[in-house]
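Asks: Chains as they are written, first to last, in my numbering: chain A, 1 to 144; chain B, 1001 to 1341; chain C, 2001 to 2332; chain D, 3001 to 3277.
FYI, nobody ran anything at the bench for these hints, they're computed from the structure. Take the hints with a grain of salt, since some may be wrong.
[As the list claims (entries may be wrong)] Some but not every residue of chain C turned toward chain A, in silico, with C-beta under 10 Å:
| id | residue |
| --- | --- |
| 1 | A2203 |
| 2 | C2227 |
| 3 | C2230 |
| 4 | V2231 |
| 5 | I2255 |
| 6 | I2256 |
[Said to hold, decoys possible] Computed list of chain B residues with no C-beta within reach of chain A, every gap over 10 Å:
| id | residue |
| --- | --- |
| 7 | A1026 |
| 8 | E1071 |
| 9 | D1079 |
| 10 | D1160 |
| 11 | E1192 |
| 12 | K1207 |
| 13 | T1258 |
| 14 | G1259 |
| 15 | K1260 |
| 16 | I1263 |
| 17 | Y1273 |
| 18 | M1279 |
| 19 | N1307 |
None of these values were measured; they are calculated from a predicted model. Glycine residues also receive a C-beta, built at the ideal position from the N, C-alpha and C atoms.
This is what each chain is made of:
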Amino acid sequence: MQVNEHKPLIVAFCCNWCSYAGADLAGNNRLNYPADVKIIRVPCSCRVNPMFVLRAFQRGADGVIICGCHPGDCHYTSGNYYTRRRMAALFSMLDFLGIERERTRLEWVSAAEGAKFAATMNDFVEKVTALGENKRLEDLRCKR
Amino acid sequence: MLKCSLDKINSVFEEIAKTAKLYIPADDKDGSAVYKQWENGIEWSSSLNTVRSPKDFFLPQMENLMEFKTEGKNIEVIDNRCETEDFVIFGVRACDVKSFEVLDRVFLSEPVDSYYASRREKGVIVSTACSKPSETCFCKTFGISPEEPEGDVTTWKTEDEIFFKANTSKGEALLEKLSAYTEECDETVVTEQKEKISAIMAKLPLKDLKTDAFGGGKTEEFFNNPVWEELSGSCLGCGTCTFVCPTCQCYDIKDFNTGKGVIRFRCWDSCMYSEFTKMAHGNNRITQKERFRQRFMHKLVYYPENNDGMFSCVGCGRCLSKCPISMNIVKVMKKIGDVDA
Amino acid sequence: MQKITQNQLIEKAASLLSDGTVNAVLGWSRGEFGYDVTPKMFKTEEDLKENFVWNDFCGVNFSKYLVSKTDRFDGKILVFLKPCDTYSFNQLLTEHRFEREKVYAVGIPCEGMVDVIKLKAVTGEGISEIKEDGENLLVTTIYEDAPVKVAFKDVLLERCINCKSKKHVAYDELMGDEGEVIESKRFDEVAKIEAMTPDERFAFWQNELSRCIRCNACRDACPACTCEKCVFDNPQSGVENKAPANSFEEKMFHIIRAYHVAGRCTDCGECSRVCPQNIPLHLLNRKFIKDINEFYGEYQAGAEVGSRAPLVDYTTEDLEPGEVFDRRDIDA
Amino acid sequence: MSNREETLIPKVGVITDVRIDTPDIKTFRVVTPDGKKAFDHRPGQCAMLSVPGVGEAMFSITSSPTNEEYMEFSIKKCGCVTDWLHQAEVGQQITIRGPYGNPFPVDDVFAGKNLLFIAGGVGLAPLRSVINYCRHYRDRYGDIDIVYGSRSKDDLLDYNEIIEEWSTDAGVNVHLTIDNPQDGWDGHVGFVPSYVKELGFDTNKTAVLCGPPIMIKFTLEGLCELGFDKTQIYTTLELRMKCGVGKCGRCNVGAKYVCKDGPVFRCDELDELPDEY
């Protein structure tokens, strides 16, 4: 079987209150998800500025996923509702510019959903791996 | 003088491209002209000039100067300069050819800028006379001849022919290579075209614009003129004029951390930007008035003071057509110098 | 082909200036070739009579100027606003960017403004004079003996071809007749790009955005871009950059700029008008406007003062980002 | 291409000593990795120091050219590069290029003259180079007076050197002042410009001024009141620089580039420049 040379780099922005704890739970339960997922903890998913997403791609990420509390469960009451609008607009714009839509994703993962976290990451990594290297939002200076 | 039928121009380009990278003005998708590397299928634009000036060839908008690798407390400086390959820029207008001289005086003066010098040595400039100048042209104001531009080779283009004249040894070497496509001829047609161009130049709206009021040593005369306030009042503070200008040469040096090392690069900067002179503890050009004044004083007074009276404007007219609010050096010269044109 | 004449505007300005209603007039001043008008603060009647112009080339949106002009001027400023300018005017008021009391706004009807590049594509170089003649422009060039006749409708700016409204949404006084909001086709181009394959879209934007020279004209002319310090100018922001590099920096700049004005952009079209490289930047903004309309309901920034921009608002039933694509795929 | 000279490409320098001078000024000793001086300089000249990834900035060389072993830079914490340098430890490498600018005319104009140095705050840094140069060649110059003031005693730069070396030299008079009274300070209290007037110097001196713009302005006025001519007074300017060689186009005042034509200016030369510094 041909081994796929390229191992994608995934940046996952996880909200401190739900998704980060969800990732922890996934670890505690020994659930596997690829080590290529680099988690960045943020106080709330709405802390994620669209610039963060682009910067992650610039610095070599092949996929960016943002995880937050389920709608209605935000620790700060409404942060993730804003996230939802912002990311819908941003992802749609990236798609408009021809950047593969599978490279970006927003998911709601609660602190109790370790299994969902692992499954989400596995699925996301698989999709991004299928796309191959990020060529459309890359900065060659960071690639060498 | 040599000539060649325009039918054969693509063969000429092909011949040049065999030994050097060839750049010609070609039409972009939106109809404006841009310098493109020639390859089969790229046609010489009939536009008067390119939107961006050809200063890019010698002073690119952005270039890496060096790299650093850091490890712990140690730094390694990596000098990865390499010699430029030979290249030819074809169809450069008289104004732009002159702009290289303006840049030379900055970058080739001691200490010589090796990045610029390398490209300048390897580049061959083929100029083309302007048979159809625009209303925004005012190169004559600066003593430039659109009838017979400078450059390593001067060319004149008619309906069906192109005429060549070498001005330097670099130019002669280039024409030598083209001998299979060219034939000797007299100067009748070219002289005729030159006369035609002179007649057109005399009809241009800016034909009477003069530089007499400006030059070195006039700082005191103009610096505190209250008119700067009015002129700069509408300036948006964008960098369009400086970036399309063939003689604007100010640059910034910045570091970019790639995660694997640091690239120190140079990029164009604009005196119109608010942070151009900003230091940790202050800025000596606080409002747009001072920044605006700096740009025009530099072109009309400071530069000539340091360069034997040569102005740092070549009258290409790019800022006239590209400024978002149509404020430009002509309006400044007329107002400040009270030059009636 | 403006319905209101230059003299009417000069008279209006002069009378408001002389009766003390205003202390200065923000208007357009005469250039060298008829088409190169420059914004200027007029303070005297003589200056107005000598230099004030109103013609088919007065495209500049004055709303943005009000931010800096009212800040530095003690007194009241008369500003002439075309219908599209009034939207920006309202939007800036919504964001408290200038003091309403310092401005006397006069709404003036606009029949569309001319794109000099389009005009020159017809007439060629060497324009020495431009005259209006009914529905045509008579352009004299140094190369032709007779003036070239150009149909006004053929050389309009893109934003005027797709004019969204002839209605003034803000003014102290209106000159001429009030217009209507227009059913424009302004989203057609966006829809056309949406219908392309991702590869085609990428190629399209790669070609357009790679021409960017990062002159910042789009940002500095934009009435929605009024940050005191732009992130791209701020060395402390970590994303400061002033040069296109590897096609990334310019993409980042335009995505973030469009994003930052999303929901606040009134679609005045200044960004595309001022771009020296003719990049259709308005399409990025229109994409956001179109998305917002589709996802969260019709919204026109600047239509009324104080309205809440969609991206700083939410409902609990909003679409998920993933559903955005699902929905579009079904539509297609 | 590496055979071409390029001034923009710096050398590596090592910080071999960090001296804490005041709460916000540190003095860094810099040599090349093989322990030598990076290059020779003249008093008053500057060097570009940089921290890759942070930035590059111009600093005056505070050590005297007569010091053959190393260079010193007194740096006040006020921006990105200086913040970073203040956190640096001994052994840290940085980059250095130079020397840039015109030096003080120590060998011609200053020779045989009585000298008056007036500095405020970190403005002593460029003067220290000249002062120590003149002390080294003591017989070439007449009397040396040094007026130095700072906000407080703790803010006086090179305090130990001033007390232990400068004050003890024959023919060198040091006059220190601080802005406000302070415990443990029995010297003069007051701003530099007024102190200069109080001291009432004879005009048979060449004066060198360096400090914050406001101090320079008033001290200059004071000296003129005492009867000094502007041709007797030298000062230095500081503006934002990127290249250091008059090409990047931002440090000009009128037609003069501070990096190339300065930073040392005679005060009558400054009068001819437009007021934009």
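Asks: Of the numbered hints stated earlier in the document, which are not met by this structure?
Replies: 2, 3, 13, 14, 15, 16
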